[in-house]
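Engineer: Each chain, letter by letter, is given below.
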Amino acid sequence: MGKVIVCDGNEAAAWGVALARPDMVAVYPITPQSSLAEYISQFVADGIIKADLMDVEGEHSVLSVLQGAALAGARTFTASCGQGLAFMFEPYFRTPPLRLPIVMSIVTRDGITPQSVWGGQQDAMTVRETGWVHMHCENVQEVLDTVIMAFKIAEHRDVMLPVNVNHDGNYLSYGVEKVEVPDQEEVDVFLGEKNVNWHVALDPERPMGVDPLTGGAGGIGPSLFVKYRKGLCRGMQNALRVIEEVHREWGERFGRKWAPLVEEYRLDGADYAVVTIGSMSGAGKDAVDMARDEEGKRVGLIKMKTFRPFPRKALCEALSKVKAAGVVDRSVSFGWNSGPMYQEILSSMYFLSTPIPAISFIGGLAGADITVDHFRRVIDETQRVLEGGEVASEPIWLNEST
Amino acid sequence: MFHSKYLIVGASHAGLSALDAIRLIEPEGEVTLLCAESTPPYSPTILPYVVSGEVRAEEVFLRRSDRFERMGVRFEAGARVVSVQAGDHSVELESGEKWEYEKLLLATGAAPSIPRIEGLEGVSYHVLRTLEDAEKLRAAMSAAKEAIVLGAGLIGMHAAENMLKAGLKVRVVEALDQVLPAYFDPRGADLIERAFLEQGIEILTGERVEGVAQSGGRVELSLSSGKTLSGDLLLVSTGVKPRTEYLKGSGVEVEEGVVVDDRMRAGGVEDVWAAGDVAQARGFFGDSKRVNATVLSAVEQGRIAGMDMVGDSALQPYGGGMAVNTYTFFKHRAFSVGMGKVSESEDDFEVDQVYLPSSFCYQKLVFSGGYLVGASGINTELDPGVLYQLIRRKVNLEEEKGVFSAKPLEMGRVLMSQVWR
Amino acid sequence: MGKGYKTIAFYPQRCDGCQKCVEACSEFHAGSTDPVHSRIKVVEAGGAFGLALCRQCGEPQCVMNCPAGALEKDTETGVIKWDRDRCVNCHICTLACPYAGITYNVVSEEVMKCDFCEGDPACVKACPLGALELKRGAEIFNEWAELEDLVVPGISACLGCNSELVLRHTLRRVGSNVVVATPPGCMAGVGTVGVNGKTGVKAPVFHPLLTNTAAMLAGAKRYYKRIGRDVTMIAFGGDGGTADVGFQSLSGAAERGEQMIYICVDNEGYMNTGVQRSSTTPYGAWTSTTPVGTVLRGKSRDAKPMPLLMVMHNCEYVATASTAFMEDYYRKLEKAIEAARRGMAYIHVFSPCPTGWRFPPSKLIEVGRKAVQTNIVPLWEYENRVGRIRFTHPVENPLPVAEYLSLIGKFRHLDEEQIAHIQAQTQRKIEVLKKFTSEQTTTTLHHAA
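Sequence lines, in order, name chains A, B and C. Read the first sequence against the numbering used here and you will find it ends at 408, with the numbers running on by one and no gaps. Read the second sequence against the numbering used here and you will find it ends at 422, with the numbers running on by one and no gaps. Read the third sequence against the numbering used here and you will find it ends at 455, with the numbers running on by one and no gaps.
Careful: at least some of the hints might be erroneous.
[To be verified] Computed cross-link-like contacts, DSBU-like style, restricted to lysine-lysine with a CA-CA straight-line distance of at most 35 Å:
hint: 1; chain 1: B; residue 1: Lys-146; chain 2: B; residue 2: Lys-242
hint: 2; chain 1: B; residue 1: Lys-290; chain 2: B; residue 2: Lys-395
hint: 3; chain 1: C; residue 1: Lys-79; chain 2: B; residue 2: Lys-6
hint: 4; chain 1: C; residue 1: Lys-131; chain 2: B; residue 2: Lys-408
hint: 5; chain 1: C; residue 1: Lys-79; chain 2: B; residue 2: Lys-137
hint: 6; chain 1: A; residue 1: Lys-236; chain 2: C; residue 2: Lys-204
hint: 7; chain 1: C; residue 1: Lys-341; chain 2: C; residue 2: Lys-369
hint: 8; chain 1: B; residue 1: Lys-166; chain 2: C; residue 2: Lys-87
hint: 9; chain 1: C; residue 1: Lys-204; chain 2: A; residue 2: Lys-233
hint: 10; chain 1: B; residue 1: Lys-146; chain 2: B; residue 2: Lys-228
hint: 11; chain 1: C; residue 1: Lys-204; chain 2: B; residue 2: Lys-402
hint: 12; chain 1: C; residue 1: Lys-87; chain 2: B; residue 2: Lys-395
hint: 13; chain 1: C; residue 1: Lys-204; chain 2: B; residue 2: Lys-408
Rather than coming from a laboratory, the hints here were simulated on the basis of the structure.
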């Protein structure tokens, strides 16, 4: 068994990185990720992480050096968020089509402007359509475990895609919990031998042209391009299976069974459900427990861990068990005037035999807490539509008056 | 049936020059050189020197024997082409052999042009176009006493000098009014003629031959003036004409010679080029296409043909041929490039002349507009090559003309020096 | 493969017509100083000196036209040899040679030409002013011609593309144990990385982003070092990917001392996208975004002094180079390869662009040469271990900048005032660089920075 320590989510992520034995870590600080960068730097300084520490001049180069290293064969890690992620975007949205299994924590942060340095998932949600795998963690232990699992998922031959392990700024970055740090030997066995550039490499022993111009109005270009695009889509769909397999193996080896794609919490006998993502799920579960146990309300909870690839099947299976849903987002879809998760759940319902009413809630922006009381309101509003009440065209802003 | 990607018919300057151009770009493609004669390649220009004995027949060859082997080129001696089937991309040899080609270069040169003179067919006479001719003439000279040379062109004049040096009495008959009419103006020709007369060669200009007869070992010529000449050796050197008889029915466009465009592509058919004395190509001074039988033209045309055959993108289209030559006689030396014969009385030309007959010197520069268009010289220090380049590169001398006329040697060298890096 | 040989180069501006070369040649060949025997002739006409001398041409017209087979180019030495025994004195060679390199000697009564004095020409040794130099220039090609050209034939560069020249020569020298980065720009546009699944370089090659070339190479290099493999990283960035949008990642990599050769192929603008201005576009130049009209007269600012900025980054090696001075470039590549084992080696290659600058492709090398001769492009190098800048081709008496500018269409509109500005800036640039030739200045500036 591993050792037990008390730490925050940023340190837990750093321990996860250490156990995954990367060849290169690149850091550039940004609130609320900074202490993660610092832990990693210190771990390198102390010999806990035996990797090249690339202390580069900005997030753009952070991901760029990792791409170069990965093409040479390195296992790599970094972390960022918010504006850092925005600055990184150019290499960021090129990483998936390069099929580089880079792992990166997004210590989620709300978007500016107004100027804000606090939590919110606007950053992660904004980049959701780039081909990165996105997994959101609920607590500090899940952060540590998921960072390690992320390498195995990313480097799986059927996937070969970069993975973002997202944990909420403030609540998980600084929130302290007791966690178990697994043994190195066991993690080594779990992860196995790395081989990250068998498919694309910058290596004089295997010379190739990486990323030739592809496309054009005629010839084989466009069809070649489609082939690459379909390959990426296939990798994403394969990831759904691999994420499940890896979580199952993790549970078997380390005893912690995290729901890989979608967690169903107390859906047995539930008429309606609250849908959550990330650290808010804890308060959501407390509120569900209270509503059920104390008030007899027939409410359950669905937590989305994997947001990309979107686990439509698992989600529909959960939704099919209830007749109404209240979806709580920690970010905004400006185009749909709702939360982004809400909007995507609506899309998924096309595949349900009977669509169910659902309400969009937006809360926890700019560092705001989403409390049990907020969830009470979510539960009440969802019950109202369950009972035939009208679904408003506007989202409900949970922190509007607090 | 033999096959060669590149088939070159004729192995003198044009053929060899094309060969080098092809090999520069394509070190490995199949190249075959068909040579009508049984010898390695040589230049017809060398023949007077074989006749004189200055060079032995076995020393005239233009390529060391292993050269073709090193270049990966097949050389076929004694392979005379008798017909071309352009549609089938093949040629037939005298031996009956057939050769298929992808690209064909006709570089078959020229043959002596024999004037129609009554009785000529019935007498034995010499010509000078092949090594065999040269050796026969040389042998004949040693037995003869009195030679008659018909035609005062370069070949005839060279031969006359050689025969004199061999101890023969020599007479030269020329239908036109001067010697070397293709290259020199009357004043230059007079000076040259003078050197011949001083050496004891009799030159009869403006004399047409009306008839030829043979009696015993001697030939007799009746001239238009009523004179008769008799000798025991007759050389007919009245010019050359392109060798094209094998092209009858081939579809290749032949006028005087094979008509070619500025890439030396032969008219009328596909994948056939022609270069050298057989080709009728653009003239430099805007005149109509004509045969320009000089070494320089053969080398340049051969190179252009080779480059075009091999698809060399550095090819510059042919700029046109002009009369150019050097000529040495009795320790004198002469040259002529371009329109060296233009007379000072002609409009549109400016002529600078230095004429020092007492020291046997003559120099002439011809300008048109700001450009040099011709030059000739006898015993001058001028560089014929530099002057030729100033003409063909159309170097504008408008500003430097004063200096150029005063110091043509120096200015010419300065100008050409500047174009070299 | 052709072979390069020694040649005698003539610098007319250094010549005063003293004829010492002529005397030395006659002396060597005839034991007399009578100029009639000299194979070299220096003549004056119209205030200029000209040289009549055999150029030992690659495709010698004298050889091709000789009917006697008396002239032949020696494939070992490159010297065109004249065989007295075969010569028939017909003089056609004097007609075929454009340079009066073979002439008739009225005393010996035969033609004569330069025979290189058995490899050590007397004329060169005799010249007191350095107007004649025995150049070994082309000889480097003998050596490098043996190395593999790692760029495939038929890449789609414009006619006369300097970038292609840089690419081919550099990779020839650096070899295939490399990772080659060609960010978007002409280098990539010509098909270096390839098109639709086919590659253009016989070595590992990739497109970085326009913005992250140095960073990606740094990542790859670090990993190779980690696993103990010695692989050279080389970038061919355009000026946009180097001095503009790629500057941050380059600056960061230079500061961290990342080990790579970074070559900036500076064609002074975004040539691949249709000739827009970059920060290295020079003052006054027309581009499609610094157009010439009634109000604007080309670019209004001077170019960013990129190589000097890299010196201030404390790089291991920084140099400027030009393909018109290929030997100089090869020497610098040698040093860059060595310096890249310790840190960043940055070479800024001046890269005239016939297409974008509006000049004929045939003038490429002349433009490059004039740029150096006018001091528009001073050739220098900075070795960190030495600690100061050294001019590798000092130009003490530069030609007026107008002689360079007039060759190029993008400067056609310049008025006198603009030309004066460029002249002044060129002078100022040299003065600034000269300050860095002192170790003290460079060290002080580094410390101050």
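Engineer: Hints first: check each against the structure and report whether it holds.
Structural biologist: Hints, one by one, checked against the model:
Distance restraint check for Lys-146(B) and Lys-242(B): the Cα-Cα separation of roughly 30 Å lies within the 35 Å cut-off, and the hinted pair is therefore satisfied. Restraint check for Lys-290(B) and Lys-395(B): the C-alpha separation of about 20 Å stays at or below 35 Å, so the hint holds. Annotation: proposed proximity of Lys-79(C) to Lys-6(B) holds, straight-line Cα distance about 28 Å (limit 35 Å). Restraint check: the Cα-Cα separation between Lys-131(C) and Lys-408(B) comes to about 29 Å, which is no more than 35 Å; the hinted pair holds.
For a cut-off of 35 Å, the pair hint linking Lys-79(C) to Lys-137(B) stands: about 33 Å separates their Cα positions. About 20 Å separates the Cα atoms of Lys-236(A) and Lys-204(C), which keeps this hinted pair within 35 Å; it holds. Straight-line distance between C-alpha atoms of Lys-341(C) and Lys-369(C) comes to about 29 Å, which keeps the hinted pair within the 35 Å bound. Using a Cα cut-off of 35 Å, the hinted pair Lys-166(B) and Lys-87(C) holds, with the two alpha carbons roughly 30 Å apart.
Of the pairs offered as hints, the one joining Lys-204(C) and Lys-233(A) holds, with about 15 Å between alpha carbons and a cut-off of 35 Å not exceeded. Taking the CA atoms of Lys-146(B) and Lys-228(B), the gap is about 20 Å. The hint holds against a cut of 35 Å. For a cut-off of 35 Å, the pair hint linking Lys-204(C) to Lys-402(B) is broken: about 58 Å separates their Cα positions. Restraint check: the Cα-Cα separation between Lys-87(C) and Lys-395(B) comes to about 31 Å, which is no more than 35 Å; the hinted pair holds.
Distance check on the hinted pair: Lys-204(C) and Lys-408(B) sit about 60 Å apart at the alpha-carbon level, beyond 35 Å; violated.
When the structure is compared with the earlier hints, violations turn up for hints 11, 13 and for no others.
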